[in-house]
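So the protein lines, in turn, are chains A and B.
Once you know that position 290 of the first sequence is 290 in the numbering used here, the rest is easy, because the numbers rise by one and skip nothing.
Once you know that position 35 of the second sequence is 35 in the numbering used here, the rest is easy, because the numbers rise by one and skip nothing.
One thing to keep in mind: the hints can contain errors.
Note that identical chains are pooled: a pair holds if it fits in a single copy or bridges any two copies.
What the hints assert, rightly or not - Within a straight-line C-alpha distance of at most 30 angstroms, the following computed DSBU-like cross-link-like pairs (lysine-lysine) qualify: (1) LYS112 <-> LYS102; (2) LYS308 <-> LYS425; (3) LYS425 <-> LYS112; (4) LYS285 <-> LYS208; (5) LYS285 <-> LYS308; (6) LYS308 <-> LYS112; (7) LYS208 <-> LYS425; (8) LYS112 <-> LYS208; (9) LYS285 <-> LYS102; (10) LYS308 <-> LYS208; (11) LYS285 <-> LYS425; (12) LYS102 <-> LYS208.
No lab work stands behind these hints: they were computed from the structure.
2 protein chains.
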Amino acid sequence: MDIQNYMQTLGRQARAASRQLAAASTEAKNSALQAMADEIRRQREALLAANAQDLAEARAAGLDAALIDRLTLTENGVEAIAIGLEQVSALPDPVGEITDVKRRPSGIQVGKMRVPLGVIGIIYEARPNVTADAAALCLKSGNSAILRGGREAINANRAIAACVRAGLAAAGLPEHAVQVVETTDRAAVGALITMPEYVDVIVPRGGKGLIERISREARVPVIKHLDGNCHVYIDDEADPAKIVPIVENAKTQRYGTCNTAESLLVARDIADLYLPAIARMLAGKGVEMRCCAESLVLLRESAIEGAKLVAATETDWSEEYLAPIIAIRIVADVDEAIAHINRYSSGHTEAIVTENYTKAMRFLREVDSASVMVNASTRFADGFEYGLGAEIGISTDKIHARGPVGLEGLTSQKWIVFGNGEVRK
Amino acid sequence: MDIQNYMQTLGRQARAASRQLAAASTEAKNSALQAMADEIRRQREALLAANAQDLAEARAAGLDAALIDRLTLTENGVEAIAIGLEQVSALPDPVGEITDVKRRPSGIQVGKMRVPLGVIGIIYEARPNVTADAAALCLKSGNSAILRGGREAINANRAIAACVRAGLAAAGLPEHAVQVVETTDRAAVGALITMPEYVDVIVPRGGKGLIERISREARVPVIKHLDGNCHVYIDDEADPAKIVPIVENAKTQRYGTCNTAESLLVARDIADLYLPAIARMLAGKGVEMRCCAESLVLLRESAIEGAKLVAATETDWSEEYLAPIIAIRIVADVDEAIAHINRYSSGHTEAIVTENYTKAMRFLREVDSASVMVNASTRFADGFEYGLGAEIGISTDKIHARGPVGLEGLTSQKWIVFGNGEVRK
Chain A
1 MDIQNYMQTL GRQARAASRQ LAAASTEAKN SALQAMADEI RRQREALLAA NAQDLAEARA
61 AGLDAALIDR LTLTENGVEA IAIGLEQVSA LPDPVGEITD VKRRPSGIQV GKMRVPLGVI
121 GIIYEARPNV TADAAALCLK SGNSAILRGG REAINANRAI AACVRAGLAA AGLPEHAVQV
181 VETTDRAAVG ALITMPEYVD VIVPRGGKGL IERISREARV PVIKHLDGNC HVYIDDEADP
241 AKIVPIVENA KTQRYGTCNT AESLLVARDI ADLYLPAIAR MLAGKGVEMR CCAESLVLLR
301 ESAIEGAKLV AATETDWSEE YLAPIIAIRI VADVDEAIAH INRYSSGHTE AIVTENYTKA
361 MRFLREVDSA SVMVNASTRF ADGFEYGLGA EIGISTDKIH ARGPVGLEGL TSQKWIVFGN
421 GEVRK
Chain B
1 MDIQNYMQTL GRQARAASRQ LAAASTEAKN SALQAMADEI RRQREALLAA NAQDLAEARA
61 AGLDAALIDR LTLTENGVEA IAIGLEQVSA LPDPVGEITD VKRRPSGIQV GKMRVPLGVI
121 GIIYEARPNV TADAAALCLK SGNSAILRGG REAINANRAI AACVRAGLAA AGLPEHAVQV
181 VETTDRAAVG ALITMPEYVD VIVPRGGKGL IERISREARV PVIKHLDGNC HVYIDDEADP
241 AKIVPIVENA KTQRYGTCNT AESLLVARDI ADLYLPAIAR MLAGKGVEMR CCAESLVLLR
301 ESAIEGAKLV AATETDWSEE YLAPIIAIRI VADVDEAIAH INRYSSGHTE AIVTENYTKA
361 MRFLREVDSA SVMVNASTRF ADGFEYGLGA EIGISTDKIH ARGPVGLEGL TSQKWIVFGN
421 GEVRK
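Pulled out of the complex, with its shape left as it was, chain A reads as follows:
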């Protein structure tokens, strides 16, 4: 198989379909999504059988338990895919929305119209549900999608893709609106990310290695996030009642998510008063604490039962543990907290706990991350929590989309002019 040629064909077909999709009615897109959901439910046994084949091959190949876990599709998982499609169908259609129309002195009225990006390439690893989720978000935002899933999930992905195609056909939408790359050859990824004439943007979903490689080699824009090294800063004017609940939620609600706090900064003036209580909560949940010299002394003196205290090294300030571990540093004040965050953070999400208005506003303005919060858990950085309805990922870049990326992040705007025969003077 000539991979370059095959991918060029997918690209050409996607580009052609994107022209039709951009003009498709909301009704047609929604009825396609509903038809996909119906077909997913009808094909439940076929999907589970395809997944069982993937799982058997993965086990035979000795893949690790975490990957097997991500790969596994259950009956509930199939239903969740169908519900996800219906949820996207229920979201408002962003395409064609006209905003910001202003009359200019020349007489023309200038505004903006939201439009699809065109063709989106999605590159992901083992999770088969991404095939349906990504297809739905791209379709609703009027974009063609070329989906390249992990080789481990190829059978489930093909089965889901068949349901997606059935849904497109039922609604009379172009069959190439969503295409799944049918080869597991890695050269297909290389081709997909270097066809600016056919692919407008790449969204990689997966491990850091995958995303770094794609960012380095792509010849088209990439909407991505690498790390989530999120911070909580406890200011000396924090409301004591908010401190422990926010740290507890931010660090311990889930350890493996990108919006989980990995670093805790505490203002020196109140460290004696509140850090031991935080440490007791963390010790009770079995969270290891990687402490700066000052906090290490303080917490050792506090003699908290079961506390795992370790001296932090420089690398701890940049680490995304994704585990029951947290880095702790005592800082002088909000200035030092902001400086620390802007130096070490991955730019994902940071929170300040304070009752001081000016410090809250300075933190919001000066911290250079995709989400910045006052008196709330970093765990809120999420497309559903922000009201986007669904998200295709979280971007830590500043160009185009930043933070949780929903339908709007998969669109662009064009300028539109309503004239009445005006010419330029």
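Since the structure of chain A is already known, use the hints to place chain B on it.
Okay, now just chain B, sitting in the frame of chain A:
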């Protein structure tokens, strides 16, 4: 001189300055811009002397007349630079603007805050005024700038940069907020576009060759436009009174601008009726017409005095003439017009002339260009005409900034969350 090392130093300094600039007050930025304008006026003689040196070297090197023209700075040109700085000072500051705040069921309030991109690299050719214009737009939008002008203008650029530095100092802003690359070594460009750790976005201003090379080699996002192959489509339901004035303005007001019309599409049903009148106007202005077979026959039959009629070839549909030449094609209807434009256009600006509401709205929605207009001249596609106050360029990309790019295009947004101790359930 170790260029890599030198550029890394500029980058590091720009990054550090960008942190301070992001937090700078509107007042400080405006007073720096006013101080720059004052200094430009005070240094008029020095600027003209520096420019004279550039011009002498350019003439000695035998550079062509068009380049000499772009390079030349007059007394009026110096005043225009000062006025440009004052105009940017008068624009609203986009940084820190909070929008779209919504209360979520969890109790948090989620919104967006406009923030600078960080560090912007500007690469331009001979025009020395770009040094001041670009510095002003970057500064007002809270970004550090690294400016790399053409080697032909190095003396004027250095003199203008000295005025810019004086303005920054007068307002107490960091001296590295605007830096001019002091070497004419081309390796400096290669370094500037491959430092994602220090430079967030590149804005190239210049010829197509420069922009293509930068786009190909950059490792950071590039805000750019290549061609302006703009179209005017005369629909069969066009208001006869609007046809000739719009074509005349779009094609002949200025030949060398990117928003000038290069292709004219005419609906078959009214071609007999109105194309001869358009051709008479074009012939009167000495505009050569590159005609499709059908329009060539029609216009030859019309025997218009002085008409330069040439048979168009396939390449004419993609050409940006920047000259008194226009491509003319008769199309069946709005569908064929949209298909022609989406195939051949550079995605800059297109206009339809029609009184039919549905066709106007379809044209607005389905034409995939940065600016799409109804009953107005393509010449309106411009930052000042759109009310942006000033523009750093016009983007034909869809990612991040599209169409005329003003202060807003040099910024991003972050999500902000106002909480009251909320944690995620």
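We went through each hint and held it up to the structure:
1. In this assembly of identical chains, the alpha carbons of LYS112 and LYS102 lie at most 30 angstroms apart whether taken from the same copy (10 angstroms) or from different copies (22 angstroms).
2. Taking CA atoms no more than 30 angstroms apart as the test, LYS308 paired with LYS425 passes between copies only; the shortest distance there is 27 angstroms, against 74 angstroms inside one copy.
3. In the homo-oligomer, the alpha carbons of LYS425 and LYS112 lie at most 30 angstroms apart inside one protomer (23 angstroms), although the nearest pairing across protomers, at 38 angstroms, exceeds that limit.
4. For the identical chains of this complex, LYS285 and LYS208 are intra-copy neighbours only, at 27 angstroms inside a copy versus 60 angstroms across copies, given an alpha-carbon limit of 30 angstroms.
5. In this homomeric assembly, LYS285 and LYS308 come within 30 angstroms of each other (Cα to Cα) only inside a single copy, at 11 angstroms, whereas the closest approach across copies is 84 angstroms.
6. Taking CA atoms no more than 30 angstroms apart as the test, LYS308 paired with LYS112 passes in neither setting, with 55 angstroms inside one copy and 39 angstroms between copies.
7. In this assembly of identical chains, LYS208 and LYS425 lie within 30 angstroms of each other by CA distance solely across copies; the values are 28 angstroms between and 54 angstroms within a copy.
8. Taking the shortest Cα distances, LYS112 and LYS208 sit within 30 angstroms of each other only across copies (27 angstroms), while inside one copy they are farther apart (36 angstroms).
9. In this assembly of identical chains, the alpha carbons of LYS285 and LYS102 never lie at most 30 angstroms apart, being 56 angstroms within a copy and 34 angstroms across copies at closest.
10. When the C-alpha separation of LYS308 and LYS208 is checked against a cutoff of 30 angstroms, the pair qualifies only within one copy, where the shortest distance is 28 angstroms, while the shortest distance between copies is 61 angstroms.
11. Taking CA atoms no more than 30 angstroms apart as the test, LYS285 paired with LYS425 passes between copies only; the shortest distance there is 17 angstroms, against 71 angstroms inside one copy.
12. Proximity of LYS102 to LYS208 under the C-alpha cut-off of 30 angstroms is found in neither arrangement, the shortest distances being 44 angstroms within a copy and 32 angstroms between copies.
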